[in-house]
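Number of protein chains: 2
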Amino acid sequence: MNMKDKFAAIANIIDVRLATVFKSAFESDRHPLFHVVPPLEINTELKALTLRGGKRLRPALMVAAYELFNDEALDDCALLDAACAMEALQSYFLIHDDIMDGDTVRRNGPSVHASLQQKTGDAALGLHLGILAGDLAAALHEWILARLDCDAAIRTRVQRIFSRMHMDVVLGQALDLQGNASPEDIVLRKTASYTTIGPLCLGAALGGATDSDLAHMAELARPLGIAFQYRDDLIGVFGDEKVAGKPVGSDLKNGKQTLLLTDTLAHLEAANRAALLSLIEAAPQSSDAVTGAMEIIDRSGARARCEHRIDKLFSTVAAHLQTLAAREPGKSFLLWLARLMAYREM
Amino acid sequence: MNMKDKFAAIANIIDVRLATVFKSAFESDRHPLFHVVPPLEINTELKALTLRGGKRLRPALMVAAYELFNDEALDDCALLDAACAMEALQSYFLIHDDIMDGDTVRRNGPSVHASLQQKTGDAALGLHLGILAGDLAAALHEWILARLDCDAAIRTRVQRIFSRMHMDVVLGQALDLQGNASPEDIVLRKTASYTTIGPLCLGAALGGATDSDLAHMAELARPLGIAFQYRDDLIGVFGDEKVAGKPVGSDLKNGKQTLLLTDTLAHLEAANRAALLSLIEAAPQSSDAVTGAMEIIDRSGARARCEHRIDKLFSTVAAHLQTLAAREPGKSFLLWLARLMAYREM
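Residue numbers (my numbering), protein chains in the order written: chain A, 256 to 601; chain B, 256 to 601.
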């Protein structure tokens, strides 16, 4: 199987398994001690967002990391369940993030709180149900992990990694909102933690890696996570709406402190800087302002510098992977995924 | 040791242990794979709320349930850690609930989002950081559980109970916001789940109880949870501000669909009903309106009916406990705690 087909096959397996998880957790699982409530709006919304795609990059990274240390990743139910828990955790982060960023579009559909606001016709109620839909995703990830069927020592490792991701992302997001840290620091905590570090360490742990192996995985995962975010920033400004899953320029109109924007602002003289900031301020209302801001960012050289930074980060990842005493096909698949993350199409 | 001293001793042990947990999780634990962020406002707020008391009722229930099946509960680190995870989970629920209810006071201090709004001088930022402070509490409970040191089978049980509580409370709160279920049904899911069912099942599981024992615990826990909520409703309207930890009449001014209010409205004729509803509407601004509403509720007989319902529920719990083939001192302590929960002072 070529890499692209393998990636698609993993996404497919996870999609099917996630649908089963939703059925078990919310419909068929009658726990003798507790009372599970029949389908509510928040269940429907969470399920819709989670099953509406996403690239399933994290599950693919988990498979690749597993295959660095072990065979037959896709036959290991614990790995597949952990990948589902990972996707549930991501839904939780996305739902709460969209509330904080005021984003109304996600994965080519309405964001969860926006949909709930529209359905209830009540902005406050929709927002509160949105918070709860995120909380439900957090509960779902815990529910899946509590049922993980694997060796006790591996399970402990897996749960510690999950709890660390959870904590890191929340603290990273707080750091971002409070704006008192360097952009790459924020990216490490808020994005790399659960996009590359967590998935690679989880896959490796489930494949039987030792603690020292995990430290190597984390080292390789950090530059990859940052490269992923640079690419995400480029897509968020210059990318196609369909690829981004949200409107072009949405990062601009939210005035998001992206790596790209930070670099741009650092390299502009005062006049252009003021022009860019005022265009960004006008961006939510005007598509001309979005185009104008894009041009200034491009002309500032920031776009090229981001591409260069991605090249350097990707080289670091590839070199690290080269020296890793690990198995095929994990190495090739991980290299392919790393390239995809760093250079995915816009 | 008498019961009151025992209860106080447990609260004390949990307070000390929680302080240590905060230190480990946020200060001294340098995880090799992740990056934990230095103290942020949300850490400070979460710690302040969690350590600012609360009665530590849930830990006490866990100890009592443990002692139904085993000795020396307070020497079992896993029980104490699970009790800390329980308190972190409660902080998470309280923080998000206060956001949804617009409550600005909690445990005789500012609610977390209100404090963050005040500190940042920015209503939206404070709200968003409040959501994150709740999420951080959820992450902390996961962090504690991932480090639980006990038999693998017990650990699995404990984690399943936690994940069920988590899910039940979130779904119960959504049910409450959407207002399409009976009040006692909502109370079972939203309150009894994590106030009595979860803690009693957790304590029992950690003490070595079987699945059939756990089913008994849940049966006993349900009426106790409802009695607790009736008492809470009475305190929320007629109680002392110091005991409630929030302003007198706050349930009234929020127009909360409590068991007490539902009963009252069901037993009033149209004229008094309209009068009560308009007083409740005016309550946030006027203390006369609060007093007026309290009088109508009292005169409707609802207060007496709630007391009677509590008596019946407590009798059910006591009778169930009587027939339980379980150990002392667990039985006596649990009976004492049940009485405290049903009849605590106002």
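Keep in mind the hints are simulated off the structure, nothing from the lab.
Any given hint could be a false lead.
It does not matter which identical chain is used: a pair holds within one copy or between any two.
Stated by the list, open to error - Below are the SDA-like pairs computed for lysine to any residue, each with C-alpha atoms no more than 25 Å apart in a straight line:
hint: 1; residue 1: Lys-567; residue 2: Asn-509
hint: 2; residue 1: Lys-567; residue 2: Ala-544
hint: 3; residue 1: Lys-310; residue 2: Leu-532
hint: 4; residue 1: Lys-261; residue 2: Val-271
hint: 5; residue 1: Lys-259; residue 2: Ser-437
hint: 6; residue 1: Lys-374; residue 2: Gln-512
hint: 7; residue 1: Lys-586; residue 2: Asp-377
hint: 8; residue 1: Lys-310; residue 2: Arg-272
hint: 9; residue 1: Lys-374; residue 2: Ala-537
hint: 10; residue 1: Lys-511; residue 2: Gln-372
hint: 11; residue 1: Lys-567; residue 2: Leu-382
hint: 12; residue 1: Lys-310; residue 2: Arg-554
hint: 13; residue 1: Lys-497; residue 2: Ala-526
hint: 14; residue 1: Lys-567; residue 2: Leu-532
hint: 15; residue 1: Lys-497; residue 2: Gln-577
hint: 16; residue 1: Lys-567; residue 2: Lys-586
hint: 17; residue 1: Lys-511; residue 2: Ala-379
hint: 18; residue 1: Lys-278; residue 2: Ser-587
hint: 19; residue 1: Lys-374; residue 2: Met-355
hint: 20; residue 1: Lys-586; residue 2: Leu-306
hint: 21; residue 1: Lys-511; residue 2: Arg-272
hint: 22; residue 1: Lys-511; residue 2: Ala-378
hint: 23; residue 1: Lys-374; residue 2: His-563
hint: 24; residue 1: Lys-511; residue 2: Thr-359
hint: 25; residue 1: Lys-310; residue 2: Arg-362
hint: 26; residue 1: Lys-511; residue 2: Cys-332
hint: 27; residue 1: Lys-374; residue 2: Ala-436
hint: 28; residue 1: Lys-586; residue 2: Glu-282
hint: 29; residue 1: Lys-259; residue 2: Asp-352
Hints, verified against the model:
1. Lys-567 x Asn-509: The answer is neither: 28 Å in one copy and 56 Å across copies each exceed 25 Å.
2. Lys-567 x Ala-544: Cα proximity of Lys-567 and Ala-544: none, with 32 Å in one copy and 68 Å across.
3. Lys-310 x Leu-532: Answer is neither: 32 Å inside a copy and 51 Å across each miss the 25 Å cutoff.
4. Lys-261 x Val-271: within (15 Å within a copy, 51 Å between copies)
5. Lys-259 x Ser-437: neither (35 Å within a copy, 51 Å between copies)
6. Lys-374 x Gln-512: between (31 Å within a copy, 22 Å between copies)
7. Lys-586 x Asp-377: neither (50 Å within a copy, 48 Å between copies)
8. Lys-310 x Arg-272: within (15 Å within a copy, 42 Å between copies)
9. Lys-374 x Ala-537: Neither, since 29 Å and 29 Å both go past 25 Å.
10. Lys-511 x Gln-372: Intra 23 Å, inter 21 Å, cutoff 25 Å: intra and inter.
11. Lys-567 x Leu-382: This pair counts as neither: shortest intra-copy Cα distance 41 Å, inter-copy 39 Å.
12. Lys-310 x Arg-554: neither (31 Å within a copy, 61 Å between copies)
13. Lys-497 x Ala-526: Close neither inside one copy (34 Å) nor across copies (58 Å); limit 25 Å.
14. Lys-567 x Leu-532: neither (29 Å within a copy, 66 Å between copies)
15. Lys-497 x Gln-577: neither (34 Å within a copy, 65 Å between copies)
16. Lys-567 x Lys-586: Only inside one copy: Lys-567 and Lys-586 sit 19 Å apart there, 66 Å across copies, limit 25 Å.
17. Lys-511 x Ala-379: both (24 Å within a copy, 16 Å between copies)
18. Lys-278 x Ser-587: Cα proximity of Lys-278 and Ser-587: none, with 35 Å in one copy and 42 Å across.
19. Lys-374 x Met-355: For Lys-374 and Met-355, both the intra-copy (20 Å) and inter-copy (18 Å) Cα distances are at most 25 Å.
20. Lys-586 x Leu-306: neither (29 Å within a copy, 48 Å between copies)
21. Lys-511 x Arg-272: So Lys-511 and Arg-272 fail the 25 Å test inside a copy (34 Å) and across (40 Å) alike.
22. Lys-511 x Ala-378: both (23 Å within a copy, 19 Å between copies)
23. Lys-374 x His-563: Neither. Shortest intra-copy (45 Å) and inter-copy (41 Å) distances fail the 25 Å Cα cut-off.
24. Lys-511 x Thr-359: within (15 Å within a copy, 30 Å between copies)
25. Lys-310 x Arg-362: Cα proximity of Lys-310 and Arg-362: one copy only (10 Å, versus 44 Å across).
26. Lys-511 x Cys-332: Neither: 39 Å inside a copy, 45 Å across copies.
27. Lys-374 x Ala-436: Between copies only: 19 Å across chains, 38 Å inside a chain, cut-off 25 Å.
28. Lys-586 x Glu-282: neither (40 Å within a copy, 36 Å between copies)
29. Lys-259 x Asp-352: neither (30 Å within a copy, 45 Å between copies)
Hint compliance for this structure: hints 1, 2, 3, 5, 7, 9, 11, 12, 13, 14, 15, 18, 20, 21, 23, 26, 28 and 29 are broken, all remaining hints hold.
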